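Assemble the whole structure, with the sequences as input and the hints as a guide.
If you read the sequences in order, they're chains C and A. Number 44 in the working numbering belongs to position 44 of the first sequence; there are no gaps in the numbering. Number 443 in the working numbering belongs to position 443 of the second sequence; there are no gaps in the numbering.
Keep in mind that the hints were calculated from the coordinates and are not lab data. This structure is a prediction, so every number in the text was calculated from the model and none was measured. Treat the hints with care, since some could be wrong.
[As the list claims (entries may be wrong)] Label-pair distances were calculated between CB atoms; the ranges are:
1) C:Asn38 / A:Glu540: 50 to 58 Å
2) A:Leu15 / C:Leu62: 54 to 62 Å
3) C:Ile39 / A:Gly23: 26 to 34 Å
Beta carbons: idealized from backbone N, C-alpha and C, even for Gly.
Each chain, letter by letter, is given below.
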Amino acid sequence: MGVDIKIPIGLMFSILGIILTVFGVISNGAPIYQHSFNININLWSGIFMLVFGGVMLLLAYLSKTRKES
Amino acid sequence: MESFKLAFVDYAIMLVYFAFVLGIGWALKRYMKSAKMFLEAGRALPAWVTGLAFISANLGALEVMGMAASGAKYGWMTVHFYWIGAIPAMIFLALFMMPFYYGSKARSVPEYLKLRFDEKTRGFNAFAFAIMTIFASGISMHALALLANRLLGWDYNLSLWISAAIVLAYTYLGGLSSAIYNEVLQFFLIVIGFFPLVFLGLKGIGGWEAMKAKLDILAQGAGFQEGAFMHTWKYTGSPNSNPMGVEWFGVVMGLGFVLSFGYWCTNFLVVQRAMAAGSMNDAQRTPLIGAFPKMLIPFLVIVPGLIALAYTTVSPDFLTDASGNKDYNLVIPNLMATYFPNGVLGLGITALLASFMSGMAGNVTAFNTVWTYDIYQSYIRPGQSDKHYLRVGQLTTVFGVLVSILTAYVARSFNNLMDFLQLVFAFVNAPLFATFLLGMFWRRTTGHAAFWGLIGGTLAAALHHGFTVPAGATSLVKGGWTGFVLHTYPNEMAQNFWTAIWAFSFCLVLTIIISLLTKPNKTDEELKGLVYSLTPRLTEKEYVWYKKPTVLALFVGIVALVLSIIYW
Numbered sequence: 001m002g003v004d005i006k007i008p009i010g011l012m013f014s015i016l017g018i019i020l021t022v023f024g025v026i027s028n029g030a031p032i033y034q035h036s037f038n039i040n041i042n043l044w045s046g047i048f049m050l051v052f053g054g055v056m057l058l059l060a061y062l063s064k065t066r067k068e069s
Numbered sequence: 001m002e003s004f005k006l007a008f009v010d011y012a013i014m015l016v017y018f019a020f021v022l023g024i025g026w027a028l029k030r031y032m033k034s035a036k037m038f039l040e041a042g043r044a045l046p047a048w049v050t051g052l053a054f055i056s057a058n059l060g061a062l063e064v065m066g067m068a069a070s071g072a073k074y075g076w077m078t079v080h081f082y083w084i085g086a087i088p089a090m091i092f093l094a095l096f097m098m099p100f101y102y103g104s105k106a107r108s109v110p111e112y113l114k115l116r117f118d119e120k121t122r123g124f125n126a127f128a129f130a131i132m133t134i135f136a137s138g139i140s141m142h143a144l145a146l147l148a149n150r151l152l153g154w155d156y157n158l159s160l161w162i163s164a165a166i167v168l169a170y171t172y173l174g175g176l177s178s179a180i181y182n183e184v185l186q187f188f189l190i191v192i193g194f195f196p197l198v199f200l201g202l203k204g205i206g207g208w209e210a211m212k213a214k215l216d217i218l219a220q221g222a223g224f225q226e227g228a229f230m231h232t233w234k235y236t237g238s239p240n241s242n243p244m245g246v247e248w249f250g251v252v253m254g255l256g257f258v259l260s261f262g263y264w265c266t267n268f269l270v271v272q273r274a275m276a277a278g279s280m281n282d283a284q285r286t287p288l289i290g291a292f293p294k295m296l297i298p299f300l301v302i303v304p305g306l307i308a309l310a311y312t313t314v315s316p317d318f319l320t321d322a323s324g325n326k327d328y329n330l331v332i333p334n335l336m337a338t339y340f341p342n343g344v345l346g347l348g349i350t351a352l353l354a355s356f357m358s359g360m361a362g363n364v365t366a367f368n369t370v371w372t373y374d375i376y377q378s379y380i381r382p383g384q385s386d387k388h389y390l391r392v393g394q395l396t397t398v399f400g401v402l403v404s405i406l407t408a409y410v411a412r413s414f415n416n417l418m419d420f421l422q423l424v425f426a427f428v429n430a431p432l433f434a435t436f437l438l439g440m441f442w443r444r445t446t447g448h449a450a451f452w453g454l455i456g457g458t459l460a461a462a463l464h465h466g467f468t469v470p471a472g473a474t475s476l477v478k479g480g481w482t483g484f485v486l487h488t489y490p491n492e493m494a495q496n497f498w499t500a501i502w503a504f505s506f507c508l509v510l511t512i513i514i515s516l517l518t519k520p521n522k523t524d525e526e527l528k529g530l531v532y533s534l535t536p537r538l539t540e541k542e543y544v545w546y547k548k549p550t551v552l553a554l555f556v557g558i559v560a561l562v563l564s565i566i567y568w
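Structure representation (structure tokens):
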């Protein structure tokens, strides 16, 4: 199949990761975190998704260069 | 249950997901040049993609919420649906059945029945499956619209039509590949969206050990031994000593053998994912790769149920709805409302929406393949060009989604009718595995025997249901419709397990008897590649060890065994 699925997965989770990370930083210490025992769960989830998205994109890049060489 | 207050960030997350779903469909569109591409994903996908789609197709939102509900109702015993109730069947499918599905020229499970047996057996299975999948898709849509209405305050009709339009758009554009790609996306969303829920939930209850302690108190309060909610096998000696009301034999034979093998090995919805793989080796590895996350999913979907149950010791009304009734389906929404701030709240809801929609898409694409190949091409217009069938496949997508919408409205107005139809499908499905088992491993099995065995097995299921009831049953849909109750089961689950056992056994015996009385309708030459004894064995020598299906299967089996021992 012509579309490597790692690319849309990587892109989507990177974008979602950026949204949550930025929102987590802006909202740090806000009352909404009373839900989560004052843990900034948005920031942690955001960072995790950024890493996951990045790894997916890296793998997609590697399999593309491997195919070309 | 109160409705969520979504913020801008939650909607932003949802929109990003919708954009990607549609984008994937659009990107795949230019590859959809043949019916094979559209309906079989070109048989070109890598094993990890089909493997994740394989379990994701069974991880719809109804399953996710249902498993959490079962967790709160029956405790950790619910893992039987994931370990004994899935892993042995997935190993069997990979090692013993995939060679025939993938190796024969069959493009669908009903088509395999046609090649192996005859036209009428295929017809019976194709029609039953087509109606059943569309029906399942409609139920999924109804549940999504209902939940969106209750939790998010969205209009029922609007939620229904918009979700249907999105599913239609991406399956029309990208066919089966689109559905599979979105299942993989959904898999990661569920994992990443539910992990914070379990983490925060366990933290809220004071950790795993504190949760166990609270469940021990609840178990004793309900009249069980204190570990009854946390052990999976220990209290299955008698149905009265565990919350599920089942005994080990019913679990092993009913769930672990008949129901589980019937579902994982013969249901085209999941088998289709494996058949879309790029090679025989990839097809065989599909269920085995899927088995690893499958074994761990209970920690994400059943543990929330345990947490919610334990939480009722702190807040007794936690699982009670507005009118004061126990409602176990509240587990996931209530936990999200309690522990999720805006942001991850949007992520969690998006994960649920994603699993609703991929549930619909999975059903619509499976329906598409069976309708186009097994019904349209076989009975309505055979011998047309590939372009013609591609077009029919695309139009079937539109038709399938429209019928699903109709079904959703029927489900909304006639709840009893839905229960009744689901029951009928359960009867039809119950004996299926006996037919496949005999077909694949006993070459003497004949076409007539397969067909009448299936009919007989279906009737046996209906009759068993007619003569037994679960304790406390109030409606005939639950059982005892003949008016003569010969046996009362402790609960519905035990009754379901035994209905399946009866249907399977009756179909097996009937098929063997009729086979011996009728002449074989296929020559050995015709059965090559379809029956075990007439098919050359596959060798796996050319693969590295981690690509050998037997090595993977052994590894999967060991992990499942270790998990079962730890949580016995």
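Range agreement (Cβ of Gly23 (chain A) with Cβ of Ile39 (chain C), hint 26 to 34 Å): holds, 33 Å
Starting from the hint 50 to 58 Å, judge whether the C-beta atoms of Asn38 (chain C) and Glu540 (chain A) obey it. holds, 53 Å
Using the C-beta atoms of Leu15 (chain A) and Leu62 (chain C), is the stated range 54 to 62 Å upheld? Given about 30 Å between the Cβ atoms, the range is violated.
Consistency note: the structure conflicts with earlier hint 2 alone.
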